[in-house]
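Participant: Residues per chain are reported as follows:
There are 4 protein chains.
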Amino acid sequence: MAIEGRSDAKKGGRIRLGMVGGGEGAFIGAVHRIASRIDDHYELVAGALSSTPEKSRRSGKALGLADDRIYDDFETMAKAEAKRPDGIEAVAIVTPNHMHAAPTYAFLKAGVHVICDKPLTTSLAEAKKMKAAVEKAGLVFALTHNYTGYPLVRRMREMAQGGELGEIRLVQVEYPQDWLTESTEKTGNKQAEWRVDPARSGAGGALGDIGTHAYNLADYVVGLELTELSADLTSFGPGRQLDDNVQILLRYENGARGSLWASQVAPGNENGLRLRVYGTKGGLHWVQAEPNHMLWSPFGKSTRIVTRGGPDSGASAARVTRVPPGHPEGYLEGFANIYSEVASAIRAAQNGKKPDKASHFPTIDDGVKGLAFIEAAVKSSKANGKWTKPAR
Amino acid sequence: MAIEGRSDAKKGGRIRLGMVGGGEGAFIGAVHRIASRIDDHYELVAGALSSTPEKSRRSGKALGLADDRIYDDFETMAKAEAKRPDGIEAVAIVTPNHMHAAPTYAFLKAGVHVICDKPLTTSLAEAKKMKAAVEKAGLVFALTHNYTGYPLVRRMREMAQGGELGEIRLVQVEYPQDWLTESTEKTGNKQAEWRVDPARSGAGGALGDIGTHAYNLADYVVGLELTELSADLTSFGPGRQLDDNVQILLRYENGARGSLWASQVAPGNENGLRLRVYGTKGGLHWVQAEPNHMLWSPFGKSTRIVTRGGPDSGASAARVTRVPPGHPEGYLEGFANIYSEVASAIRAAQNGKKPDKASHFPTIDDGVKGLAFIEAAVKSSKANGKWTKPAR
Amino acid sequence: MAIEGRSDAKKGGRIRLGMVGGGEGAFIGAVHRIASRIDDHYELVAGALSSTPEKSRRSGKALGLADDRIYDDFETMAKAEAKRPDGIEAVAIVTPNHMHAAPTYAFLKAGVHVICDKPLTTSLAEAKKMKAAVEKAGLVFALTHNYTGYPLVRRMREMAQGGELGEIRLVQVEYPQDWLTESTEKTGNKQAEWRVDPARSGAGGALGDIGTHAYNLADYVVGLELTELSADLTSFGPGRQLDDNVQILLRYENGARGSLWASQVAPGNENGLRLRVYGTKGGLHWVQAEPNHMLWSPFGKSTRIVTRGGPDSGASAARVTRVPPGHPEGYLEGFANIYSEVASAIRAAQNGKKPDKASHFPTIDDGVKGLAFIEAAVKSSKANGKWTKPAR
Amino acid sequence: MAIEGRSDAKKGGRIRLGMVGGGEGAFIGAVHRIASRIDDHYELVAGALSSTPEKSRRSGKALGLADDRIYDDFETMAKAEAKRPDGIEAVAIVTPNHMHAAPTYAFLKAGVHVICDKPLTTSLAEAKKMKAAVEKAGLVFALTHNYTGYPLVRRMREMAQGGELGEIRLVQVEYPQDWLTESTEKTGNKQAEWRVDPARSGAGGALGDIGTHAYNLADYVVGLELTELSADLTSFGPGRQLDDNVQILLRYENGARGSLWASQVAPGNENGLRLRVYGTKGGLHWVQAEPNHMLWSPFGKSTRIVTRGGPDSGASAARVTRVPPGHPEGYLEGFANIYSEVASAIRAAQNGKKPDKASHFPTIDDGVKGLAFIEAAVKSSKANGKWTKPAR
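Protein chains in written order, with the numbering used here: chain G, 7 to 398; chain P, 7 to 398; chain W, 7 to 398; chain E, 7 to 398.
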């Protein structure tokens, strides 16, 4: 509730939002739109919703966009919107990975803040170029590693980095799915098609699609530098060029160890993102599919079920909580938390203020780290698991 | 996603919505607002958000309402909005129970569709008057028994009424909470204050607040008439006039039996709404706090975990599902499903069309049934558990 | 482990045990035998294992009994064993309900301690006669309400009666099964046959078979007198004379309320015994099918997962725990705890000592209470749910 | 139940059993004794229960052994028992790892069948010597990797090796504990002391103690040769010479991948053994702490909860099941299943028969494989995770 009524974001009304990608048949576009609406900080007013102009037009109409703000391509959109007095203030880029960089450059150039889906792009080199562009533009750039928006993920971070677990020793993170168990990409499934295509996805398959989510989540929570990794990437699906299963061992700066498993060929798993963190004083266990509670095990004491909004859930989670405990919030609310924090940052930027310290949505830096992670994992796996340092 | 793009609701843009109640410090008002926004069918444009004019004004401003559409009271609002060419088309009434009827009459009179929080009102007599008023007005009236909006509740209904469980024999429903374990109402908690006050809540305490939710949920799923009940209502909190614990035995028209337990003094329960239905061919088990899966036990076979969006989740759930399985939807999305179905019904009404058959949000009839249930339970309990037939 | 090495029970070697019933095809006989062996306090040496002599003989041989100690009937066995210098010290009676009383009288007369399956017998009048006989004999009589043997049930009792939950307000107990969903008794299933037969089971069907377990468990844990009950017994199975579903509301001496649900027609439930107890200071939740942990919710604090052997599991559970936490103990170990406590009581009796105060296996008094409960429930149900006081 | 009455084992009465180790203060000795008694195939008659003669004597008396069969050391015991006409037929060796080999040689020489705790010994070289000795003796040798005795583990094996999962692609196994989070070995805890001592445990710490259990479980279920592993062993506890955390990546002969995590420093984990196996047609998920159900996810269908004794639990589990579904069996019953199968094998050997094909307790070969696994893991970790082939 705090979120809805946040006065800084309301000043000047809703943020005018555009969207690139996310037309008919897309999944993540609708998610971004709902996330933008939940706390009422945005109004979608323009879009280049598909690379097929006709589809873009049809999708735009269905979403209630004015005819003159439905664009055939993002370049035109960026230029046209920049000229309007009521032009968009922010854009959501929800295209496949290889189509994140170009729109980013175009909209930054047009003075538009950017909200971009993950992974940032298809190569570390490009990621670094994007970072330079963001820094040069001085605009807000958010990367929707949305799982960091869950209230109890905020709580995990608060506890892990606040010392409540003692010295961190172990980070076990996994993200199994099953939707590529069979050759889904050969059945006309568009989601599958581009994800198994190196030209559109980059060097990582499951690695880029969900492995980076797992990596980012762990990184966000423990805040320790990953100094080395040893990876074994596998492609089980016949003819697949990219990995569909990822096993990675992790070593952190303080000596902590860990493992990351991501898979798209594990039957029975829908979005089985799970994070366990163990330190000298206690452990935490959280599962994305049931995000409204986590287990906290202070060493030597009974494990506690910490509920979102419940007695041990802390200030950082309360900040991004809308309804009392026992009424579940989900994926869309977590996503909305990112959107709402970004809105606050955009308003701050527009007003020449510093962003809220309590806010920590993923940024261009997380995008660069994600690509460094992908490239290190690919490199390690090609070298038969050689321990490899992610580039910085 | 189907929900977001529903063309009938988009025709003519968003529905102009007003709100009565739901100002600062209220919980359910924000829930209604978010629910109205999720699928983009409404725009909040007016409100009488508090019975304290100053608070109404402050709340309206924080929500971005235009100054001339923030009203001191609902009567003024109903009249003023009725005169505007851009006046509200629907109103959400989110006040305590005793303040549902008067605004309903006022807005119906003004030609405004009504979305009203539950329970409908404080007496069966009033409920019947409201029903007459709704029928006379010929407008849409929705009661936000929001739990019926959960996709898997839709699936339970589809299975129970579609014969997949065989003849229904047992209905076990419960809704335990713990927030009134201690005398919360004496600590300045406004939510608690009015709920334990017969003047504002009516004859039922936990019975009206959550017992009616449990009753409505069971009724919605099995679709059988409750022919008799035997109730034992208790007030454990010192000095409480209304029940804070409810035990009710149930008998249905076909001979099915059941029990309903609602409590606000059961430590460890947040919103422990749970429904189990058993028939000659199988059983179902669903828990509100983890709403994205349910257990289906076809007799003689292994129990299946049916996930929202998963293989056995059916058409009626798919209709109100936004994101794929494994990414949880929650309370707000369930609530939004009601709002979106109501939007569709309002558009149909405005266009002289019949409402969508697949749509089934709770209506004035459910409100009347709820009050009949409350009064029967109170009567039975006063008669030491005499089996009592709810009035029809 | 404490259990295995208990010195008082070892004095004089193992207790010589006989068995009545429990031959081929029986289920509970084997359970009793395993339970008697687990902690090494008994040696089975004699038996009248079936009412069919040939079957008794075959069963006895399979179990390694000496030929001259396999008997055709319990009367012969009682007399013969009484004459032997190495005659049995205790007997386990594991026949259907209507065959508990006669062997009890015979063995008590022969000076043999009795371990009897539940419910005690088929009428309260008979139960009282049995109690008189036990008291006259001055021998140990144990009733195998085995669920009281689970370590965490001991812990629940310790907490509930030790004040850790404050004043008890609510007792919710249920025991659903599904094996009589269809007409199992007509398929040659012997377990089903006698359970639906009033001549062998008494006045209660599910009520006597599992309802008494649920009642006993609640009674054992909270230790409050059940002052009144209101019952609704139903027979769903075509042609069944006895109930297969039981709904009972409960009122306790201190004003606590509760409900008991037992059913044998609830698909998906195997042995779904579940107990929840709520007081002014906290709540407990335990499920028999997963007996190695329970939930403890101190009011206002996070719920804790209390594991058998873990930090909050207490002394009374530790006493009957064999292996460390995380290695599950189950039904047979719980049953064995009863057997081992009985062994200790028998040795104490033989040595003229008082029984161990920490020991509390169910006795003849629990048997009488069980029949009083059954008869009160049947009476209440016949009177359409009239609140009825169990006889004392 | 089938287990209790198995006629082959009963012929000739109970097997006379001796025990080496397992005296006062030991944990696993009592477990072996209970396991030996549950199905009534053994009678403990002799023991060298401690390396401290006085303690051995005291322990033996407490267990009811005859004075002349309580020995000061295993050599004396082996010789003395060999001379008795009623000498032991089998011996259970339950000492720390470094004390498995010598008693094995002594008892094999004495013609006594051996049941030995895991891991087999402290080096692969010794393991191979033991194997040669077992083969030369022609006696039964069982290694108590007890988790293979759980009914649903049998079912997992049956399904994985019977093709119901299709081609196996992934094996995820983990065994976290938390008891060495702090320096337990410095607090007088004997269990901890020897486990962190290379002289008594061998080259592996957590690796040998629980990592071998995890490895053995996976091996037992999937039946695929582990061709390579890459290990990262860590010692977090200050001053510890042996690992207390183990991360291992796995590659199997058919191209399947996997990971194994074992840890004794993960707060909140008691005995968190968990196995997940995924193939082209489906997945399985089983957790040791709740062993009476597992999840089976046939690809594209809803996940099923398979219960021990329930509809999908199969023949191999039924064979080692005692009580119906819903009444939990646990750790001791799983352990007893190993003991009972060994009894059957011993009787077969004594009678010149072949062992039961349906029986598959772990043998000397599993012991050798376990040591090969330990040595490969240690070697790989020393070579910074070099993929290493376990010796064969």
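One should not assume that every hint holds.
Put simply, identical chains are the same to the list, so a pair is met inside one copy or across any two.
[What the hints assert, rightly or not] Here are the computed lysine to aspartate or glutamate pairs in the DMTMM-like style, where the Cα-Cα straight-line distance is at most 20 Å:
no., residue 1, residue 2
1, Lys137, Glu199
2, Lys67, Asp371
3, Lys360, Glu60
4, Lys61, Asp78
5, Lys287, Glu188
In short, the hints are calculated from the structure, not lab data.
Participant: Would you mind marking each hint as holding or not holding in the structure?
Facilitator: Going down the list of hints, with the structure as the test:
no.	hint	result
1	Lys137 <-> Glu199	neither (28 Å within a copy, 53 Å between copies)
2	Lys67 <-> Asp371	neither (35 Å within a copy, 37 Å between copies)
3	Lys360 <-> Glu60	neither (42 Å within a copy, 32 Å between copies)
4	Lys61 <-> Asp78	within (9 Å within a copy, 47 Å between copies)
5	Lys287 <-> Glu188	between (43 Å within a copy, 9 Å between copies)
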